[in-house]
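Engineer: Read off the chains here:
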Amino acid sequence: MSHHTISVRDLGFAYPDGTQALDGVSFEVGHGEAIAVIGANGAGKSTLLLHLNGLLTPEHGSIDIGGIPVTKGTLADIRRTVGMVFQDPDDQLFMPTVAEDVGFGPLNLGLSPEDVAARVAAALARVGAEHLAERPPYRLSGGEKRSVAIATVLAMEPSILVMDEPSAGLDPRARRRLMGLLQGFEHTRIIATHDLDLAAQLCERIIVMGGGRVLADRPTAAVFSDDALLEAGHLERPLGMLSCPVCGAAPEGDGSAPPGAAAARHT
Amino acid sequence: MSSVASGPTALDRLDRLARLDTPVHRVDPRAKVITTAVFIVCVVSYGKYDLLGLVPFAVFPVALATEGDLPLGFLGRLLLVVSPFALVMGAFNPLFDREVVAQLGAWGVTGGWISYASIVLRFLLTAGAALVLTATTSFTGICLALQKLKVPDVLVTQLLLLFRYIFVLGDEAHRMGQARRLRSFGRRGMGWRIYGQMLGQLLLRTFARAQRIYLAMMCRGFDGQIRMNRRLRFRTSDLVFMLTWSAAFVLFRLVNIPLTLGHLVTGLSS
Chain A
-14 MSHHTISVRD
-4 LGFAYPDGTQ
6 ALDGVSFEVG
16 HGEAIAVIGA
26 NGAGKSTLLL
36 HLNGLLTPEH
46 GSIDIGGIPV
56 TKGTLADIRR
66 TVGMVFQDPD
76 DQLFMPTVAE
86 DVGFGPLNLG
96 LSPEDVAARV
106 AAALARVGAE
116 HLAERPPYRL
126 SGGEKRSVAI
136 ATVLAMEPSI
146 LVMDEPSAGL
156 DPRARRRLMG
166 LLQGFEHTRI
176 IATHDLDLAA
186 QLCERIIVMG
196 GGRVLADRPT
206 AAVFSDDALL
216 EAGHLERPLG
226 MLSCPVCGAA
236 PEGDGSAPPG
246 AAAARHT
Chain B
252 MSSVASGPTA
262 LDRLDRLARL
272 DTPVHRVDPR
282 AKVITTAVFI
292 VCVVSYGKYD
302 LLGLVPFAVF
312 PVALATEGDL
322 PLGFLGRLLL
332 VVSPFALVMG
342 AFNPLFDREV
352 VAQLGAWGVT
362 GGWISYASIV
372 LRFLLTAGAA
382 LVLTATTSFT
392 GICLALQKLK
402 VPDVLVTQLL
412 LLFRYIFVLG
422 DEAHRMGQAR
432 RLRSFGRRGM
442 GWRIYGQMLG
452 QLLLRTFARA
462 QRIYLAMMCR
472 GFDGQIRMNR
482 RLRFRTSDLV
492 FMLTWSAAFV
502 LFRLVNIPLT
512 LGHLVTGLSS
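Respectively, the protein sequence lines represent chains A and B. Take the first sequence: its position 62, counted from the start at 1, is 47 in the working numbering, and no numbers get skipped. With the second sequence counted from 1, adding 251 to any position gets you the working numbering.
It cannot be assumed that every hint is accurate.
[Unchecked claim] Have a look at the derived ranges for each label pair, beta carbon to beta carbon:
hint	chain 1	residue 1	chain 2	residue 2	range
1	A	Gly196	B	Ala381	53 to 63 Å
2	B	Phe343	A	His179	54 to 64 Å
3	B	Gln409	A	Gly17	56 to 66 Å
4	A	Thr59	B	Leu323	54 to 64 Å
5	A	Ser126	B	Val333	29 to 39 Å
6	B	Met441	A	Ala217	44 to 54 Å
It is worth saying that the hints were derived from the structure and are not from the lab. The beta carbon of each residue, even a glycine, is placed where N, CA and C say it ideally should be.
One chain only, chain B, in its complex shape (with noise of 0.2 Å):
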């Protein structure tokens, strides 16, 4: 199946996780994406070779999915999928950045394997979080809190209506495909050349759907703003839940705490 058709079963079953009840699920939207902006902030503000301070953070995204009784390896897998644009990003660093920093036995570490090996782990840690927001949220919870916290009408809507779609252009990718496979023989049939066209129709396609979406809105009274009968409680607990682990980050991100651990340990043992 081609990397298009796959990607709306995985979003489905990352919605299916959403309607799972427990205590994670509970938490109020709002709570988790302020949560979740937090840590984001936190581990990308740290400096270019800054890696172990950013090991403890892993606690947050593992936590809540283990709580959250969502399966790790699927969480994984998809990680898997997404981190291609990190790896890649990154990979030119060891080789412009060749002063070495550390000894690790033999092998002399240099900056830019340190660098790269912080980007990805930012990387995990960031794109992890959001995946594990998703699982136990749901896109649409996030949307509803995004506009529960003021954020434009215009970005909601994209982000609700990019969600809904996102299955629809999904099949009519897989469909396109499809018919290309059933008339092409060996490679004719199968070059970039086409697929570029057959890129170009789905835009078009695209084009039409949104006008005859847009159509059927107007019918309905849209004005701009989609409207969502869903009342949110914003409880004690909550609070507690989104205070607590961004006293956690902040305080993560101040002290280096395995480096702190490190120096007690031999501080201890000298």
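If we strip away everything but chain A, and leave its shape as in the complex, we get (with noise of 0.2 Å):
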């Protein structure tokens, strides 16, 4: 049995002051996968990821990581393997010091001080964040702070990257930065972004979601070159995916461009 599977089955979920965020949610992700949530302002991308590692309680229907059910009972293993890294990491680095907030996590699972600061060094390194080990979160810029709420997840070890737009607010050299490290994870991660290209390039497959449903799950190519439901989804293509602005010219298949770009331009 592996940990990194998760299977979302008729997820329902309603916020206290009646909005209908979730309804009907189904779906299936492998091992080593990387998915992408797409879809408008609203659509429930948030509330879903909040589902994943039991931080919402459905209102009907199950999630199982790994084959384990969350439940009460199980929250504390699941959020051991499912690790989050929400939108704003003013939120999630709360610390006093980078290197505290990193072994946070790994303090709270009982580990000896010593394998604690192994770890926040392994995970910070894994970042390129190791000189901002003694600095104040609150003196980091936007993509040393994104890098650092990624190694405070890395520390504990999950099998499941879970990130709730990760490029948003960062300048075009640091989501370069931070696409490349995303491309080096082994975990299965589920992204939810608006950030179009980053999904088609991260991501074998997009979940579009609207209305609290799930409009669509296909490969990405599939979604990329479905006009009808890039509309409805309040979506468009990838602009990687689109003709140069300049000279009209085709996007090249060499390597550079998205992986559905070929397919979107035979379509």
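Mind assembling these two chains? They're in different frames, but the hints should get you there.
Structural biologist: Take a look at the structure:
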């Protein structure tokens, strides 16, 4: 049995004010897959993510992580397995220094101080932020905060990474670095994003959400070549799949273009 | 810049000062916290009209600030910023208490003025000592000391998060103020009513953020206690620091040193 799989069945959730945020959401994610969840604002993406490690409890339906149902009794295990990177790194970095923040989770897991220090060093090295260890989080740049927020989750050594808008607010270079980083991970990844180029480049499969439902769950190329679906989801084709705005040349399939580019060109 | 936004700047500077490396900075946080607590208890335990006996206590913050390489001007300005509270609190004493208790040249000094001066002096001493403590220990260091001294976790967590998020809150308040100024013309839009509504907004945003932070903490196994991977070492020198200063405070409290000195001098000259 693998801990890296997710199975969501008929998930429904309404907020206390009556908003039906999720309405019969079902999907499966296999070991090591990278999935993007896209859709308009208010489509239910963030609400869905909050269910994946039990921060919200569904009204009906169920979620299994690696074959274990998400219930009150399994929360500790689930949260160790599913690492969650929030949209605003300021929400995630609450400790006085970066090193202490990255060590927060491992210390709560009951590891020894030496093991914690080793994990902190490894996680910071993974995201290239060793030099920030002693800095207070409020003095970091947006890109640095994002890297450190990812390190805080990596230090827990989760099998599944769940990310909400990882590229929001990053400058182009920081975004490019982040994408390189995410591409190198072997975890099962679920990324909710409005950054369609990022989705096209990092994910083999895309779940399109709208009005709390799954509008489509298909391979990346199939989603971005279906204009009717994109229209229904308030989306558009990634820039990397559009013709050049200056010369009108079609995108090239030289490896720099996203995986769906070629398919999009031929439909 | 609004005072809400400039507050964090001063805190940031305090935090940077706390990263200096001087003998005072190296004293164990617990020793400094306990010593400062003894200092404050001694200072506030004085009677209403005591003034002279308080003066020797100034040695503690001044000595620590000098030894700790702290910029006295900066600390002085911070004291001024927080002083209106004390200045207003005692402001009515001179009005109500008009009994003349001493004669200073032509000016009959009333009990009200003396108790007012005593309040202000006590405020300057205690707030000064607290500032010096923060600037030589760091806010986090103080929290860590409190945690090791078995102060309840709820309180320590509150203090830690307060210090972390006051910067975020300051930024948010600053942005809101800016947005208002951009769309206010003359007096319109700058009234108190709007100010109140903005504070309400800020409070709601704070609730929402607190909720998100709590979720993020839950994700990483928060169980009510914030654990910090820092080791403190309480050395003999820390004990000496704590006992020497505490003994000095008790001595100051029991013996009115300026008065005794005065008696000695006048006794010698007569």
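Engineer: Checked against the structure, which of the hints given earlier come out wrong?
Structural biologist: Those not satisfied come down to hint 3.
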